[in-house]
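Asks: Below, each chain spelled out in residue letters.
Protein chains: 6
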Amino acid sequence: MSVPDVVDPGPNWPLDEVVSALREARHRWRVSRQRPQDVGGRELPSPHAVAHIVEALCGALFPMRLGPPDLRQESEDYYVGHTLDAAMSALLHQVRLELRYAANYLRSGPDFEPGQPEAIVRAFAFALPAVRVLLDRDVEAAYRGDPAARSVDEVVLCYPGVMAIIHHRLAHLLHGLGVPLLARIVAELAHSRTGIDIHPGAQIGAGFFIDHGTGVVIGETAVIGERVRLYQAVTLGAKSFPCDAEGALHKGLPRHPIIEDEVVIYAGATLLGRITIGRASSIGGNVWLTHSVPPGSLVTQARSRQEALNLVAER
Amino acid sequence: MSVPDVVDPGPNWPLDEVVSALREARHRWRVSRQRPQDVGGRELPSPHAVAHIVEALCGALFPMRLGPPDLRQESEDYYVGHTLDAAMSALLHQVRLELRYAANYLRSGPDFEPGQPEAIVRAFAFALPAVRVLLDRDVEAAYRGDPAARSVDEVVLCYPGVMAIIHHRLAHLLHGLGVPLLARIVAELAHSRTGIDIHPGAQIGAGFFIDHGTGVVIGETAVIGERVRLYQAVTLGAKSFPCDAEGALHKGLPRHPIIEDEVVIYAGATLLGRITIGRASSIGGNVWLTHSVPPGSLVTQARSRQEALNLVAER
Amino acid sequence: MSVPDVVDPGPNWPLDEVVSALREARHRWRVSRQRPQDVGGRELPSPHAVAHIVEALCGALFPMRLGPPDLRQESEDYYVGHTLDAAMSALLHQVRLELRYAANYLRSGPDFEPGQPEAIVRAFAFALPAVRVLLDRDVEAAYRGDPAARSVDEVVLCYPGVMAIIHHRLAHLLHGLGVPLLARIVAELAHSRTGIDIHPGAQIGAGFFIDHGTGVVIGETAVIGERVRLYQAVTLGAKSFPCDAEGALHKGLPRHPIIEDEVVIYAGATLLGRITIGRASSIGGNVWLTHSVPPGSLVTQARSRQEALNLVAER
Amino acid sequence: MSVPDVVDPGPNWPLDEVVSALREARHRWRVSRQRPQDVGGRELPSPHAVAHIVEALCGALFPMRLGPPDLRQESEDYYVGHTLDAAMSALLHQVRLELRYAANYLRSGPDFEPGQPEAIVRAFAFALPAVRVLLDRDVEAAYRGDPAARSVDEVVLCYPGVMAIIHHRLAHLLHGLGVPLLARIVAELAHSRTGIDIHPGAQIGAGFFIDHGTGVVIGETAVIGERVRLYQAVTLGAKSFPCDAEGALHKGLPRHPIIEDEVVIYAGATLLGRITIGRASSIGGNVWLTHSVPPGSLVTQARSRQEALNLVAER
Amino acid sequence: MSVPDVVDPGPNWPLDEVVSALREARHRWRVSRQRPQDVGGRELPSPHAVAHIVEALCGALFPMRLGPPDLRQESEDYYVGHTLDAAMSALLHQVRLELRYAANYLRSGPDFEPGQPEAIVRAFAFALPAVRVLLDRDVEAAYRGDPAARSVDEVVLCYPGVMAIIHHRLAHLLHGLGVPLLARIVAELAHSRTGIDIHPGAQIGAGFFIDHGTGVVIGETAVIGERVRLYQAVTLGAKSFPCDAEGALHKGLPRHPIIEDEVVIYAGATLLGRITIGRASSIGGNVWLTHSVPPGSLVTQARSRQEALNLVAER
Amino acid sequence: MSVPDVVDPGPNWPLDEVVSALREARHRWRVSRQRPQDVGGRELPSPHAVAHIVEALCGALFPMRLGPPDLRQESEDYYVGHTLDAAMSALLHQVRLELRYAANYLRSGPDFEPGQPEAIVRAFAFALPAVRVLLDRDVEAAYRGDPAARSVDEVVLCYPGVMAIIHHRLAHLLHGLGVPLLARIVAELAHSRTGIDIHPGAQIGAGFFIDHGTGVVIGETAVIGERVRLYQAVTLGAKSFPCDAEGALHKGLPRHPIIEDEVVIYAGATLLGRITIGRASSIGGNVWLTHSVPPGSLVTQARSRQEALNLVAER
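Chains as they are written, first to last, in my numbering: chain A, 1 to 315; chain B, 1 to 315; chain C, 1 to 315; chain D, 1 to 315; chain E, 1 to 315; chain F, 1 to 315.
Hints in this document: simulated from the structure, not taken from any laboratory. Each residue gets a CB set at the ideal place from its N, CA and C atoms; glycine is no exception. It is possible that some hints are incorrect.
[Stated by the list, open to error] Pairwise CB distance ranges (calculated):
{"no.": "1", "chain 1": "C", "residue 1": "P69", "chain 2": "A", "residue 2": "P69", "range": "45 to 53 Å"}
{"no.": "2", "chain 1": "E", "residue 1": "R28", "chain 2": "F", "residue 2": "R28", "range": "55 to 63 Å"}
{"no.": "3", "chain 1": "A", "residue 1": "P36", "chain 2": "E", "residue 2": "P14", "range": "54 to 62 Å"}
{"no.": "4", "chain 1": "A", "residue 1": "Q203", "chain 2": "B", "residue 2": "N104", "range": "43 to 51 Å"}
{"no.": "5", "chain 1": "E", "residue 1": "H27", "chain 2": "D", "residue 2": "Q203", "range": "24 to 32 Å"}
{"no.": "6", "chain 1": "D", "residue 1": "Q203", "chain 2": "A", "residue 2": "P69", "range": "36 to 44 Å"}
{"no.": "7", "chain 1": "E", "residue 1": "A123", "chain 2": "A", "residue 2": "P36", "range": "23 to 31 Å"}
{"no.": "8", "chain 1": "A", "residue 1": "G176", "chain 2": "E", "residue 2": "G115", "range": "34 to 42 Å"}
{"no.": "9", "chain 1": "B", "residue 1": "G115", "chain 2": "A", "residue 2": "Q203", "range": "51 to 59 Å"}
[Unchecked claim] To give an idea of the chain A side of the interface with chain D (calculated C-beta under 10 Å), a few residues:
{"no.": "10", "residue": "L71"}
{"no.": "11", "residue": "V80"}
{"no.": "12", "residue": "A86"}
{"no.": "13", "residue": "E260"}
Can you build the whole structure from these sequences, using the hints too?
Replies: In structure tokens form, the structure reads like this:
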């Protein structure tokens with residue numbers, strides 16, 4: 001027939017073969033990992049669902065700044081109550097998924113009791129007002145720490161360091177309540193959005209501020225005091241190299257730095273191992289530090305290094 | 001009754017208590033900051049709304065490349081006109097919010113005149129064609145600067161450095177027109193998406209290109225000439241340490257580098273303070289530089305440093 | 001009339017003038033680049049469309065972990081088949097756009113044969129099961145490489161390094177099949193989301209893992225063996241400086257490092273040029289390396305450097 | 001060039017000509033109706049916005065039945081408060097649009113006072129609890145009136161007659177408060193969804209129920225008592241024919257039926273003119289009635305009519 | 001302060017009072033109906049969820065015609081399997097809600113057994129292929145019954161009568177499986193969309209077609225044979241008037257017409273009571289019929305009626 | 001294991017069996033209708049796509065009233081041009097689908113020429129300004145015809161009769177251009193939304209108005225003059241009964257009424273067959289008319305009928 005073929009015939013590819021091969025790949029993987037075959041539903045929490053919960057919590061914590069644009073103060077409580085109720089119901093579902101997953105698939109995963117998911121969510125909800133108080137101090141610190149900031153509101157609205165600490169305080173709470181996977185998902189949301197990577201286990205005191213932030217990494221057992229300030233690309237890591245390649249041994253043991261109150265750490269500094277940075281010390285940019293320093297220290301790279309440049313004019 | 005309990009009872013948590021505690025936390029914060037209680041609507045611009053405006057502007061500036069996928073050249077003007085009209089109306093609303101906020105809440109915030117928001121938006125709109133011309137030169141520079149780029153279109157479509165400079169030129173325009181909070185929101189959109197953090201106040205000449213880009217930080221008073229090229233993790237920062245901890249004093253004063261025309265700065269270099277990098281200089285990777293260099297300089301880390309490695313074979 | 005003016009009159013700006021000036025800017029640019037005026041439709045692939053395709057492929061590759069939250073194992077094949085079919089049809093359209101664009105606008109762009117787009121998509125689809133097998137090994141490596149990881153599922157769900165390698169393996173496949181622009185778009189999606197920037201051309205063996213990841217850059221001709229592990233801010237770059245400013249000459253030539261099996265490279269290390277890092281070597285944090293090292297090397301910064309700090313207590 | 005033309009060239013139609021001709025058509029219409037040319041923004045309320053407001057009000061009036069599916073009774077008040085607040089703000093905007101439109105364009109449209117829109121919205125909000133009480137009686141009537149109904153909840157959930165009376169009670173309220181265009185938009189929403197067309201001006205007592213409903217029309221000045229029940233395709237209309245073609249003269253005058261308490265009107269009955277149907281009367285299906293009947297009447301079509309059929313077996 | 005008040009203060013209405021009054025109204029209603037106060041979650045199925053399920057089922061039954069526009073026959077099974085799986089999971093949740101509701105709130109509602117919801121959904125799924133076969137015969141009948149129809153595909157795509165019978169066959173299935181509320185919701189979806197109101201309990205044989213359809217009402221105990229054709233505004237109702245006002249007594253008893261095979265009923269005809277219309281009869285437009293007629297009858301309104309018009313030329 | 005089973009196992013139903021049975025049902029249907037098996041993509045236009053096109057056209061025809069709520073007159077042309085361009089591209093795709101479908105599957109379907117789809121879309125676009133002029137007259141008629149209408153704007157915004165005639169004039173245009181299936185889809189969109197069912201083939205003169213509208217049916221060959229007014233439930237149908245059951249024979253022949261200028265037809269009137277209603281006649285409510293009447297006729301039901309009621313007071 002002379003009909004012009006105006007409609008695309010498609011790639012005409014052997015879909016069935018690819019589907020079969022993918023099934024076979026999944027099958028082999030499941031066998032190799034001793035996973036059950038072909039039964040059961042979703043076993044894991046959903047990052048997408050967690051993202052919605054965190055967005056709702058941001059609104060509930062700072063309704064006039066991170067809530068809906070047309071909110072009025074007169075109806076803040078209604079917004080907060082309605083939003084929290086939905087968010088806690090959604091969180092409860094995710095908590096159950098994680099606990100069940102841990103019980104079924106993790107060697108270390110304990111069984112869990114009926115009522116435990118509800119207890120976790122209740123404890124989480126009760127802690128939110130204290131989180132808000134802590135965050136107010138962080139916001140204040142961000143405002144004071146950046147000479148370019150013109151108001152605390154601006155800081156809440158658009159500073160990545162503030163976004164990161166909001167996420168961290170929620171993630172740390174979840175981590176402490178026994179749902180580390182949910183905590184990790186929350187942390188990675190902030191990581192993706194801000195380039196700031198804080199392990200949910202890190203303990204961070206009030207009045208914490210990270211400026212710029214891209215590339216910051218803070219490890220699981222780091223302990224940070226009050227009113228600490230960090231700049232971009234600072235690492236508070238474990239000294240896993242070169243002395244020991246068996247990192248697994250360190251797991252759970254304190255292996256990241258302790259940063260005492262009022263320390264400032266400038267961009268690109270790398271602090272490794274269970275060292276202590278004494279109160280009110282300043283660590284200069286790009287410094288590489290693997291030992292403790294006493295309170296009030298000023299640490300910079302040796303001047304010689306700054307002069308160790310090859311400078312050739314008029315190439 | 002023997003009804004199976006198929007429906008989830010929910011966490012059964014004392015919502016009212018948490019809502020009350022959060023209200024109390026907001027109240028204390030408002031008292032402490034002398035904010036009004038329980039009256040008034042939204043006081044702040046909306047990052048979400050700004051994101052939509054910027055997306056529309058990207059389309060209006062580069063309709064066939066960043067506009068809707070099915071656009072035809074024949075109808076470009078219709079698309080541009082319709083999109084701009086909606087975007088400028090939306091921008092006007094955000095400008096009003098920022099000006100009103102500044103007048104009400106910032107000590108430094110002046111009152112504003114009737115007609116001022118409209119004047120800002122008009123000036124912004126009139127400047128857009130010149131922005132497009134500048135961006136064409138940036139795109140050209142990106143295409144020439146990266147041997148892997150195969151066309152200028154590819155560069156517009158997917159180079160993060162190009163996305164960052166589009167955002168910056170819009171943010172810088174807003175900054176100069178007296179709406180620094182909107183400018184900052186635009187800058188943070190690019191920062192979140194690309195990892196490139198350029199303060200809206202930075203002055204950047206034509207033909208600017210950042211390759212890879214993650215971790216770049218460019219400060220408020222930086223001045224960058226024409227045809228400058230930067231790589232990832234370059235910092236053009238203020239030398240706030242260790243000589244002076246009162247950063248607030250520096251505010252507004254020139255405190256970031258001046259980069260003259262045709263300078264190239266390689267990955268990880270850190271340039272601090274109001275130094276001048278002379279025309280056509282090259283600054284090597286990871287260099288830490290706090291003093292000016294004359295035109296045509298080649299600056300690398302001292303060779304000795306590169307050799308200062310502990311190398312142990314056959315561990 | 002005494003009607004209160006409750007409705008906003010808008011900015012009242014000369015829309016027509018701005019539209020005209022933007023048209024004129026586009027016109028001049030097209031003339032300068034010898035582009036056709038005022039005819040034709042979309043010439044370029046759509047990053048937005050590619051993002052949807054990649055999201056679908058993630059689900060088809062890992063249905064129970066990255067697919068829809070309510071999927072059951074019983075219906076995995078249905079989901080995989082339906083999702084793949086739609087994704088391959090959408091990919092076919094994008095492949096056609098790229099091939100046609102290359103033929104029309106790139107000097108180096110060859111004409112393409114009828115049936116070539118379909119052949120590319122078929123080859124891509126057939127390769128997916130092998131990609132899944134490779135990715136299973138990457139996931140396994142991530143799980144073993146991070147002492148904090150509690151399960152392979154957690155790793156798939158939220159590790160940015162895993163997200164980056166999933167994207168890379170798809171991008172590398174497209175790159176090899178002759179659609180480099182689509183490949184680049186896929187790579188930039190991962191870059192924006194994770195801060196990890198891997199050129200689609202890079203060859204990466206099985207069992208690859210990047211921890212934390214922000215700031216990692218891997219160049220086009222890099223060759224990475226099996227079971228290699230990288231940390232954040234590692235650069236595998238070209239040594240384009242200072243000896244040679246004509247980067248364009250290098251295009252296509254091998255110019256990035258070769259990393260042999262089981263190498264570990266710690267955070268912030270910079271490896272430049274066509275050097276070879278011998279099997280099972282460890283490269284320390286912040287190391288700057290521009291020459292090859294034999295198998296089993298341990299490379300760290302000279303101890304002296306670590307001690308080259310100015311330390312001033314009690315400032 | 002031998003490139004296969006894989007991408008659609010589009011219809012290649014003279015868009016500019018059609019746009020011009022449409023502009024000319026609008027221009028002529030505006031001239032003919034003495035409307036202003038080329039200035040000003042939206043002059044009219046938005047049916048789309050009104051639809052959202054009504055949907056919110058349905059949820060606020062019956063939170064557990066027409067509100068969000070996961071609502072819990074514990075948080076009803078939060079949901080109601082948050083939803084009402086947003087809905088009333090949105091309604092305020094629509095009320096302003098209507099009042100301004102009436103003042104500018106309707107000969108009969110009076111100027112309006114500052115504060116009048118706010119007063120209308122306040123009055124509307126205050127009336128909502130009484131509307132809920134009335135609707136509870138309507139729902140009860142629907143439940144009792146339909147032997148097939150199994151619960152009052154089912155009736156709220158899916159009876160079109162209930163949906164129609166919810167809309168009507170809201171529309172009637174708006175009509176009485178001086179925003180007849182908004183009222184009409186609400187009425188037409190119900191009409192489109194249910195096929196039941198009730199003019200917002202109609203006065204309807206408590207315990208009203210329409211079964212099936214498609215084709216029911218109730219005119220502007222109809223007055224309906226308590227506990228009245230109607231079936232599908234009932235018309236309570238004006239007797240505008242044949243005696244008088246100048247319908248405009250009747251405007252505002254009572255011209256539709258008065259239906260007293262506890263009347264039942266069966267499907268397809270047509271009642272025209274300012275007649276009175278006495279208390280507890282029953283009007284049979286398809287009856288055509290243009291005169292009043294006393295209380296307790298039973299009106300059916302004459303038996304003769306039912307027998308006036310041509311019946312031919314074995315055709 | 002002289003700041004122009006550019007931002008709307010809102011209606012400033014006593015939200016709290018209205019929320020309280022609405023709470024009080026709900027409370028009184030719950031007391032009056034002996035409902036529990038302030039505890040528990042959603043008790044009722046969601047029409048919105050049911051609408052999604054039905055839309056999915058339409059696609060699964062007629063994939064190439066009512067499924068996604070870009071579906072290919074090669075992947076029909078994948079689409080059908082994936083769509084059915086999700087739809088049946090969603091249906092299971094709604095079935096549980098209805099059974100639990102019935103057990104808790106309906107006097108007549110029996111307790112239900114564990115496993116009963118799953119059994120209902122399984123039975124429903126198994127019946128779908130037979131439903132498709134039946135619908136093919138309905139579609140064929142529609143195509144043959146309307147001289148204007150050009151193909152069976154057109155009939156599936158846009159005939160409201162076909163849409164109504166698809167919904168009815170699904171609703172009837174649910175009704176028979178013991179979830180009458182879900183069945184009713186499905187029926188009302190069709191009613192709202194097409195103006196055709198068929199009670200889920202009605203028994204309808206194969207090859208059924210309704211043309212135009214607006215205003216058709218078919219009652220709960222109607223029994224319709226094969227190859228029956230109806231036009232708009234036909235009523236198959238109960239003869240509840242005038243002899244008996246206690247409609248509740250009739251509940252469940254056969255009270256609607258029996259229509260034998262191959263009957264045609266023209267627009268506007270009203271058939272009331274448990275009458276039987278014999279095989280292959282034709283009932284004329286607007287006929288009002290309350291007694292049985294033998295097979296092969298032709299029933300029209302008496303000719304006298306058609307002539308009983310007042311005709312006045314030249315008014 | 002003692003893990004609480006918190007996650008739903010799903011209905012556990014044999015999905016594969018149902019998918020197979022549905023496949024078998026499709027297979028049998030395709031065999032019976034001699035349709036191709038298992039090859040090819042979408043063959044039919046998409047009602048969903050057509051709905052979007054019609055919505056865009058409504059906005060392009062009446063930009064300030066049916067276009068986006070924030071449109072300003074200054075940018076009307078931009079909106080119209082952009083919207084039309086996208087709508088015509090989308091329409092072109094649908095036209096191609098219909099023409100190809102007709103060529104492949106309809107016995108009566110002719111082959112079509114290359115360029116024919118483009119020619120159809122161009123002709124359609126060129127006709128739009130004339131459609132707008134016609135619609136302005138319809139709107140004017142609606143405004144004058146309903147004493148309750150307060151402005152022409154209100155009429156455009158919310159009268160179902162106006163919505164129906166907008167759809168009809170577009171559908172009639174498509175019908176005349178040789179795409180009757182698209183035309184039918186447009187007609188059914190209006191039917192579903194308004195309950196008014198106008199066949200796309202009907203010829204309707206300027207100044208047409210339908211009030212209320214639910215239940216109106218206008219057949220394919222109806223011819224309606226200028227300034228005609230109809231009320232709800234009017235039928236202009238074919239006299240297919242009882243004389244002739246072979247409706248197919250009538251296809252294409254004139255078989256519906258001719259209504260001359262300025263006729264008014266009141267609610268529920270049924271006019272059947274190729275009769276002519278003379279100029280300026282009035283046809284009363286519920287009249288059943290199967291013969292022509294001269295100009296100026298007034299036709300009502302015989303007075304005797306109105307009196308033929310059984311009236312029983314004090315039951």
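Asks: Each of the hints needs a verdict: does it hold here or not?
Replies: Here is how each hint holds up against the structure:
The hint said 45 to 53 Å for the Cβ distance between C:P69 and A:P69, and at roughly 29 Å that hint is violated. Our hint of 55 to 63 Å for E:R28 and F:R28 holds, since their Cβ atoms are close to 59 Å apart. Between A:P36 and E:P14 the CB atoms are about 58 Å apart, so this pair conforms to the stated range of 54 to 62 Å. Separation of A:Q203 from B:N104 is about 38 Å and departs from the stated range, judged on CB atoms against 43 to 51 Å.
Restraint check, E:H27 to D:Q203: a C-beta distance of roughly 28 Å satisfies the suggested window 24 to 32 Å. The hinted window of 36 to 44 Å between D:Q203 and A:P69 holds, with their beta carbons roughly 40 Å apart. The beta-carbon spacing between E:A123 and A:P36, approximately 27 Å, falls within the hinted interval of 23 to 31 Å. The hint said 34 to 42 Å for the Cβ distance between A:G176 and E:G115, and at roughly 40 Å that hint holds.
Remark: the range hint 51 to 59 Å for B:G115 to A:Q203 is upheld by a beta-carbon distance near 53 Å. Look at A:L71: its Cβ gets to within about 8 Å of chain D, closer than 10 Å, so that hint holds up. Restraint check, A:V80 versus chain D: the minimum CB separation of about 8 Å is within 10 Å; hint holds. Look at A:A86: its Cβ gets to within about 7 Å of chain D, closer than 10 Å, so that hint holds up.
Interface hint at A:E260: violated, since its Cβ lies 43 Å from the closest Cβ of chain D, which is beyond the 10 Å cut-off.
In summary, the structure is inconsistent with hints 1, 4, 13 from the numbered list given earlier, while agreeing with the others.
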